[in-house]
Amino acid sequence: MNTHATVLDPTAEDRPAERERCLRPESLAGLTVGLLDISKPRGDVFLDRVEERIGGLGARVKRYTKPTFTKPAPVDLRHEIATTCDAVIEALAD
Amino acid sequence: MNLATLEDDHEAMFDRGWTDGLPVVPPTEARVARMLEGTSRDAHDVVCLIPPNLAECTVEKVAVNAVLAGCRPEYLPVVLASVEAVCSDEFNMHGVLATTMSVGPILIVNGPLASQIGMNSGINVLGHGNRANSSIGRAVQLVVRNMGGGAPGGVDRATLGHMGKQGFCFAEDEAGSPWTSLAEERGFGPDLSAVTAFCGEGPRLVVDQRSRSPESLTRMLADALLGAVSPRMVMGLDAMLVISPEHMSRYRDAGWNRTRFTEEISALLMVETDGIVFGAGGIEEGIPEGLAGITVPKFRPGGLLVVHAGGPAGLFSAVIGGWLNGPAGSEPVTREVIP
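Residue numbers (the numbering used here), protein chains in the order written: chain A, 1 to 94; chain B, 1 to 339.
Isolated chain B (complex conformation) (with noise of 0.2 Å):
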């Protein structure tokens, strides 16, 4: 595409509406080409469909929006597996961009190949500064905007949003973890990096300068994540847990994996239905009167997805919140970074 001589390379990105609200760097051939050789697939294989308007996209498409979003080359092959991710029909970016609820996609980065590119596990991790974090979630989310017309204001109905829908991708620290990483647990090996794709709100911080021990620690996170979302949705929505490396140091001094954990969180995360019942505690929004009386998990088995990040300093952890998952919802979606 031609720009007229006196167009303003940047002014004119925006009048084309192919930005996010920030400035975009111009996608000149030069740029695209040296991107593509990011990775080793062809620039005319197709990827996938963009939701919603289901345009096949070519890997030379995604090129351009990762030029745009401020890539590096070397960064490409996490994006193109993002977008693999995330336009799955598990994942079902149509519904996560049409819903109301204020959710989008937030990208895990697992395995040798974040480190590689330079990407952050570490301070200020679900936060901005790091190049390689910014621009692949960014590099995503102009995808979708522009080659699957996900607009805000257009499929994009989100109440309120959050800033993360600016782009939220960062890396688990896992050469400071004592457990398995996100990946390892959804069935990636550790030699493999991998990006998983979970759809999410922003995050909210877990504070507890107090727990010494891993049993207080994990009754705080449990009381934490008992209220994701709202106190009055269980089983319906999926949650992640990140852990910060002080937090962490609890579990790590004690001896505790990811299975004890995972067994001792789950045994607190049980509601009584009696609760939050509709016009319990005299608030009408719940569930119907027909469940009381019993006590349920608040998430499904496998609902709740723990990564390790964070500064070293701080005892604070984040939780982040789903929106509908299962068939009939958003799936976390998990899937090889090829290079």
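The following block holds chain A by itself, in its conformation from the complex (with noise of 0.2 Å):
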């Protein structure tokens, strides 16, 4: 049983906005496809095989970077991938 009936809220007390996932798409065939490079070592090696792949099924292929793996990717960066391409891929890690 409770000695203190009422306590304050030490959250921020948000609820996460909630959005629809876009459709998978069944074929990449025409689609544009960025490929994000966090900046972490040998992110590139990863991508680069990631183009040869999906560059063959059809995909036109966009290629990003972030300025620095420590960070969120700036607005602006990722309203452009949002606003051009149909999806993306992101390389986490070395």
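Since the hints were derived computationally from the structure, they do not count as laboratory data. Some hints could be false.
[As the list claims (entries may be wrong)] Taking CB as the label site, the calculated pair distances span:
(1) B:GLY311 - A:THR83: 22 to 32 Å
(2) B:MET163 - A:THR83: 23 to 33 Å
(3) A:VAL75 - B:ASN257: 45 to 55 Å
(4) A:THR84 - B:HIS128: 47 to 57 Å
(5) B:GLY282 - A:PRO25: 31 to 41 Å
(6) B:THR58 - A:THR6: 16 to 26 Å
Keep in mind the model is a prediction, meaning the values are calculated, not measured. Glycine included, each C-beta is placed from N, C-alpha and C at the ideal position.
Please assemble the complex out of the two chains, which come individually in their own frames, going by the hints.
As structure tokens, then:
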């Protein structure tokens, strides 16, 4: 049984906005796919290979790089990817 | 928030995810109101945005978490300044949380307020047992967890972590030091109180019970610092050196000031890259072979933070390795503590 009936909430009391995911494309043919390198070592090696593979599937590839892997991608970069790409693949780590 | 009559109030805090794994003090309205008496700031003032969720955090929300952590009201100004420092762009709390390296914010308090609120700068200074040291560091971590959403297993991805992530805060022993303080080095006058946030791993002891001269002790400390985080990492990370009183006596007796010490140890903190390139010594880790054949400093200019603290007996100091430094990582940040 508690001795303190009322306590104050230490959290931000926010509720995450819920948005529906985009539908998964049935084919990459003709789509623009962004490849985001977060600037971890050898991320470019991984994404070079991914570019080869999905290029063969008919996708148009656009490459992007975060300034540093230690911080979230800048808003402008996220906006550019969101408005110019149909899908994005992110190379997370070495 | 009303708790059900049959809820155990301590268990209710755990159930709601508000704790760091240890019991917390229930933040009743009366306790939070009392906590807010510790600052001249308005309860509704926005302190900053708390990463990673960038939640707007008021003085009152900091006070609620300070109650949870076990703070006394007079600690609140230090908690507020610490939250501001840790949540600055330069400190990069989001990255500090998200990295798999085992680092967290370490808070060093300077100035008259440290002793006024009973902070420990002496025996067991980097350990437990002092309410102000323990609860201030804890409150900052609880703000990040509860307000910012930075909980282990979520955005906090540390492979190992360290016990200092429960809260790591201590005061510099200024009264016993012949040197200028860390905050003075960082541009704050001796009459001001300030807190410096440094992103670091757990402390590692440096034992030197034989050196009687400052030259010998400096060589020993440099040897230990060369291994900070990894002997194969240079320039890209900072470190903190906590010099104990008995070790400091070597410098005091010889008349070395902070400037002299910095010059002498910097000359020793040089690394020949031939020994740390990929594959050198049969170790695959290292720096690219193209950098062989040169000598580089272990730390960038100003990348070694030096603090005086610890108990009066014991010929030990401590090295605290940092994380990635500079704009791409975490910069040490100092903020004035406003009562």
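Checked hints:
Take B:GLY311 and A:THR83: their Cβ atoms lie about 60 Å apart, and the range 22 to 32 Å is violated. Take B:MET163 and A:THR83: their Cβ atoms lie about 45 Å apart, and the range 23 to 33 Å is violated. Our hint of 45 to 55 Å for A:VAL75 and B:ASN257 holds, since their Cβ atoms are close to 46 Å apart. Distance hint for A:THR84 and B:HIS128: a CB-CB separation of about 53 Å, consistent with the stated range 47 to 57 Å.
In this structure the supplied range 31 to 41 Å is violated for B:GLY282 paired with A:PRO25, their Cβ-Cβ distance being about 48 Å. Range check, B:THR58 to A:THR6: Cβ separation about 19 Å, and the 16 to 26 Å hint holds.
Going down the numbered hints, you'll see the structure goes against 1, 2, 5, while the others check out.
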